[in-house]
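Residue 110 is where the sequence shown starts when you use the working numbering, and the numbers rise one by one after that.
Treat the hints with care, since some could be wrong.
What the hints assert, rightly or not - For each label pair, taking beta carbons as the anchor points, the in silico distance ranges come out as: (1) R256 / D176: 27 to 35 Å; (2) K168 / F246: 21 to 29 Å; (3) L181 / E323: 50 to 58 Å; (4) T251 / L152: 28 to 36 Å; (5) S112 / G252: 39 to 47 Å; (6) Q312 / K229: 39 to 47 Å; (7) T318 / K287: 24 to 32 Å; (8) G252 / Q171: 18 to 26 Å.
By construction, these hints were calculated from the structure, which means they are not laboratory data.
All C-beta atoms in this analysis are idealised placements derived from N, C-alpha and C, irrespective of residue type, glycine included.
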Amino acid sequence: MTSKIQCLLVDDEPLAIELLKNHMALLDSFEVAGACGNAIKALEFLRTKPVDLLFLDIKMPQLTGIDFLKTLKNPPAVIITTAYREYAVEGYDLDIVDYLLKPITFDRFFKAIDRYLRLKSLPLLSLQAPPLAMEDFIYIKTGNKFRKILTNDVLYVESFKDYIIIHCTAQQINAKYKISDIEIELQGKGFLRIHRSFIVNLQKITAFTPHDVEIGAKEIPIGTNYKAYVFKVLKNPV
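Based on the provided sequences and hints, a complete structural model is requested.
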């Protein structure tokens, strides 16, 4: 029997670790060998138990992920996990497998794992459950936390420059996030961009005209550049 690929998760955010563990649980051939909250503990772990694949955050206390990686003489394969785009070039200079931006969707995680397997010439993935099992919620970073949001609770998303307001059935969630980024996170989950500043949940629309959509008592404008496509989608729902 082929042994499972051993993975070490290194991140100072417990919720980020939890998300990776949930993603990993869907893979037959991978196993979480350990999880560390900082690079110092990860170094101690690797001295006693080598692993095949390292999921490594960058901004951590005491020692950054990049500096930690530079200390390893024979590092395992590495997938960077971070909320910061600016370290991508330096990460790839260190011969990493992939660079994942938080919050990490299962789809993007799956592609990184697939890339690792191809680089190692290993058999492709076998799933214990379909990826759709992970698509009923997303994680959004608010302050220092990643907040779990059920997509069915989301009515619509509104943007103000680099900030968004996620309007849910029982609350509003503010986050420093570009609407184009949240649009990517919501792809394939029943949402539609109808304006440069609005994304709506198709299941929550109660009425529409060629100029706006209604979600309950809220009228949301359809942008001029979006009208033809939006009207086509609303007239011909899947």
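Hint-by-hint comparison with the structure:
1. R256 / D176: 27 to 35 Å: This hint holds: roughly 29 Å between Cβ atoms.
2. K168 / F246: 21 to 29 Å: Once the Cβ atoms are compared, 24 Å apart, the range 21 to 29 Å for F246 and K168 holds.
3. L181 / E323: 50 to 58 Å: holds (56 Å)
4. T251 / L152: 28 to 36 Å: holds (31 Å)
5. S112 / G252: 39 to 47 Å: holds (40 Å)
6. Q312 / K229: 39 to 47 Å: Between Q312 and K229, where Cβ atoms are some 41 Å apart, the hint holds.
7. T318 / K287: 24 to 32 Å: Given range 24 to 32 Å: holds, Cβ gap about 28 Å.
8. G252 / Q171: 18 to 26 Å: With a Cβ separation near 21 Å, G252 and Q171 satisfy 18 to 26 Å, so the hint holds.
When the structure is compared with the earlier hints, no violation turns up for any of them.
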